[in-house]
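All chains should be built: construct the whole structure from the sequences, respecting the hints.
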Amino acid sequence: ATAMSPLQYQKQLRLQEARRLILTRSLDAATAGHSVGYESPSQFSREYKRLFGAPPQRDIERLRQQPRGYADA
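Going left to right, the sequence shown walks through residues -6 to 66 as the numbering used here numbers them.
Do not take every clue at face value.
[As the list claims (entries may be wrong)] Here are the simulated SDA-like cross-link-like pairs (lysine to any residue), alpha carbons at most 20 Å apart as the crow flies: (1) Lys4 <-> Thr24; (2) Lys42 <-> Ser19; (3) Lys4 <-> Ser38; (4) Lys42 <-> His27; (5) Lys4 <-> Val29.
Just so you know, the hints here were simulated from the structure itself, not pulled from any lab data.
Next comes the structure, spelled out in structure tokens:
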């Protein structure tokens, strides 16, 4: 495994928090991204896709189709 820099770790935490907000509070991606510190929705979407492998909307749709509790793992 590659060691993560503090900046990369912080970015990952912010993206995971945004993902949680989208899932639990039904926020749209731009609002969730802004709430964790992203000023640009396109930058948020780009970094979200890089971390989770899909853009926010598609990732969230996929997670919502999974059995409850699985997305928390």
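We went through each hint and held it up to the structure:
no.	hint	in the structure
1	Lys4 <-> Thr24	17 Å, holds
2	Lys42 <-> Ser19	19 Å, holds
3	Lys4 <-> Ser38	13 Å, holds
4	Lys42 <-> His27	16 Å, holds
5	Lys4 <-> Val29	10 Å, holds
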